[in-house]
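Visitor: Chains as they are written, first to last, in numbering that gives the first Met the number 0: chain A, 0 to 282; chain B, 0 to 312.
Please note that a few of the clues may not be correct.
[Claimed, not checked] Interface residues of chain A toward chain B, partial, derived using beta-carbon atoms under 8 Å:
{"id": "1", "residue": "Tyr-41"}
{"id": "2", "residue": "Arg-45"}
{"id": "3", "residue": "Asn-75"}
{"id": "4", "residue": "Phe-115"}
{"id": "5", "residue": "Gly-132"}
{"id": "6", "residue": "Lys-164"}
{"id": "7", "residue": "Lys-165"}
Calculated from the structure, these hints are not laboratory results. Note that the coordinates shown come from a computational prediction; the quantities given were computed from them, not determined experimentally. Just so you know, even glycine gets a beta-carbon here, dropped at the ideal spot from N, CA and C.
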Amino acid sequence: MNELDASIRIAESLSETRHEVSIDIPNPVFTLNGVSVYYGEYEAIRDVSLDIAQGEITAFIGPSGCGKSTLLRSFNRMNDLIVGARITGRLAYHGTDLYGPEVDPIEVRRRIGMVFQKPNVFPKSIYDNVAYGPRVNKTKGNLDDLVEESLTRAALWDEVKDNLKKSAYALSGGQQQRLVIARCIAVRPEVILMDEPCASLDPIATAKIEDLMHELAGDYTIVIVTHNMQQAARVSDRTAFFTAEVDDAGERHGRLIEYGPTRQLFSAPVDQRTEDYISGRFG
Amino acid sequence: MTIAAPQINEDELRRSLRQMSPRRGEAIMRAILVVAASVSILTTVGIVLSIVIPSIEFFSEVPVWDFLTGTVWTPLFANGEFGVLPLVSGTLMITAIATVVAIPLGLGAAIYLSEYASMRVRKVLKPTLEVLAGIPTVVFGFFALEFLTRVVLVRFFPSIDIFNALSAGLIMGIMIIPTVASLSEDAMSAVPSGLRDGSYALGASKRQTATDVVIPAALSGIVAAFVLGISRAIGETMIVTIAAGLEPRLSFNPLEGMQTMTSYIAAAGAGDLATGSMEYKSIFAVALLLFIITFAMNMISIRLVRRYRQVYQ
Ligand SMILES: Nc1ncnc2c1ncn2[C@@H]1O[C@H](COP(=O)(O)OP(=O)(O)O)[C@@H](O)[C@H]1O
Ligand SMILES: [Mg+2]
Numbered sequence: 000m001n002e003l004d005a006s007i008r009i010a011e012s013l014s015e016t017r018h019e020v021s022i023d024i025p026n027p028v029f030t031l032n033g034v035s036v037y038y039g040e041y042e043a044i045r046d047v048s049l050d051i052a053q054g055e056i057t058a059f060i061g062p063s064g065c066g067k068s069t070l071l072r073s074f075n076r077m078n079d080l081i082v083g084a085r086i087t088g089r090l091a092y093h094g095t096d097l098y099g100p101e102v103d104p105i106e107v108r109r110r111i112g113m114v115f116q117k118p119n120v121f122p123k124s125i126y127d128n129v130a131y132g133p134r135v136n137k138t139k140g141n142l143d144d145l146v147e148e149s150l151t152r153a154a155l156w157d158e159v160k161d162n163l164k165k166s167a168y169a170l171s172g173g174q175q176q177r178l179v180i181a182r183c184i185a186v187r188p189e190v191i192l193m194d195e196p197c198a199s200l201d202p203i204a205t206a207k208i209e210d211l212m213h214e215l216a217g218d219y220t221i222v223i224v225t226h227n228m229q230q231a232a233r234v235s236d237r238t239a240f241f242t243a244e245v246d247d248a249g250e251r252h253g254r255l256i257e258y259g260p261t262r263q264l265f266s267a268p269v270d271q272r273t274e275d276y277i278s279g280r281f282g
Numbered sequence: 000m001t002i003a004a005p006q007i008n009e010d011e012l013r014r015s016l017r018q019m020s021p022r023r024g025e026a027i028m029r030a031i032l033v034v035a036a037s038v039s040i041l042t043t044v045g046i047v048l049s050i051v052i053p054s055i056e057f058f059s060e061v062p063v064w065d066f067l068t069g070t071v072w073t074p075l076f077a078n079g080e081f082g083v084l085p086l087v088s089g090t091l092m093i094t095a096i097a098t099v100v101a102i103p104l105g106l107g108a109a110i111y112l113s114e115y116a117s118m119r120v121r122k123v124l125k126p127t128l129e130v131l132a133g134i135p136t137v138v139f140g141f142f143a144l145e146f147l148t149r150v151v152l153v154r155f156f157p158s159i160d161i162f163n164a165l166s167a168g169l170i171m172g173i174m175i176i177p178t179v180a181s182l183s184e185d186a187m188s189a190v191p192s193g194l195r196d197g198s199y200a201l202g203a204s205k206r207q208t209a210t211d212v213v214i215p216a217a218l219s220g221i222v223a224a225f226v227l228g229i230s231r232a233i234g235e236t237m238i239v240t241i242a243a244g245l246e247p248r249l250s251f252n253p254l255e256g257m258q259t260m261t262s263y264i265a266a267a268g269a270g271d272l273a274t275g276s277m278e279y280k281s282i283f284a285v286a287l288l289l290f291i292i293t294f295a296m297n298m299i300s301i302r303l304v305r306r307y308r309q310v311y312q
């Protein structure tokens, strides 16, 4: 018997362990069962089953190209915008199949917000950036108050309150990313998905975003993709480790290797690959 | 064992650093390219000079103010008047009609191509649009006169002149749609996809994303496309000569025939005017005015394009 078979067997037995972990989560916001995401014929991430806990911060870690972003984008149906992208398996949001025939992706995105790797502020004023979501969603109520509240929540109000009419491009990268978070909060989502939100920021701006995430946790369910393990260890309650496995045909597919409470995953990883990754020996 | 650094013989070094051969090919290539670049610059200078010099003679006899504000253009009469306003108003009327046609249709086509059309549709549509841009303007001119005026417009406006501004303007609008659509589409495609994602992620629809994020982000490029389209319309000659007639008329009724600056130049230039005559010189005065107007339009569009390039660098 060769080593590969052995490791596959270990992985198979671990998939049972993963399942045990996911059952632990009461009232999960998301429940994934055998989710795979394809780009055309290419299966970018394969057979993921996990639950996302309400009001917690869940981190997705793993080497580049293992399908973390792909999986994250399937949570708010952003993959629908990519021609040829499709999903199999079941991805439920509070028990409702997010990909069911009656589900409108636009309604999904109003409840499940997203922050991207590069701060994608609109070429508009600071105020209009935050007001954009409420405007397109025709949110009722006082827009000024909502803008102030959202900017306060994103820890940006004090820095911009005198310059609300200024172009958002005048802000620094870290401020822009907090503006994007404020813009997201203004739609009053339940979940905020963050895809490497600090990848383009310096350490001080990164620390501010991490503080902000702690502030927001509890009120919001946050799922963050990061390939910075220290960040995952600092901010998250639970961590899922993904890696890319090569199949018989030589294609790489993202796989969920291990999922559990962050402290446990970092202190006592069950899978050898997780241990190698977090100790910096791989990826 | 250590490897010794190579011994340097200073004389030999000096020799080896010298140019081995004179690299004549380089110099010849350079000369050819300089000539190529000079031709267009010299031509432009030549055109400007050949317009300006007769114009100066013209303006020594007709005051600039009378030329710009006069309302009667009768250069061929014995005691001809040289008020350019009828030609300017003809140009503006026809350009305005063309703009009203080309901007909504061109922008609509650009939005469709950039935001809605699938890869496959875009692959067919964009080249088709460019074919439209390649149709000779004389064909458009006859289409305006023989089909649009004689077959279509006479049904709706029985009193319409056979030569009229409306038909020339409408067809000219169709002629510049590809310019407007193609350049606007370039500007919209250049908007980073991250901005679209940001909008969709906030629950915006495709239409909201196009009108509230993509168009504002591409605005200066889109305006530059408009300006370029309009300056093409101002400079267009064949369609107006064929379909709008050759009668200078200060009128705001698009159903009447009008002469534009370009069609005056074409018609007067084609006749056999005495070289030193006032009629002859008037061609250059009108050409100078046209040159200044289109030059100004092009400057505006260049500035706008430059500004929109800066945004995403
Ligand atoms: N739009 C796309 N079209 C085709 N393949 C894609 C697309 N986006 C990502 N991929 C592929 O899917 C795999 C996973 O990518 P991604 O989810 O971005 O990984 P990660 O975020 O973990 O770095 C990669 O092999 C990548 O090349
Ligand atoms: Mg990624």
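Visitor: Each hint should be assessed against the structure and marked as holding or not.
Guide: Now for the hints, and whether the structure bears them out:
{"no.": "1", "hint": "Tyr-41", "result": "17 Å, violated"}
{"no.": "2", "hint": "Arg-45", "result": "24 Å, violated"}
{"no.": "3", "hint": "Asn-75", "result": "7 Å, holds"}
{"no.": "4", "hint": "Phe-115", "result": "6 Å, holds"}
{"no.": "5", "hint": "Gly-132", "result": "4 Å, holds"}
{"no.": "6", "hint": "Lys-164", "result": "15 Å, violated"}
{"no.": "7", "hint": "Lys-165", "result": "15 Å, violated"}
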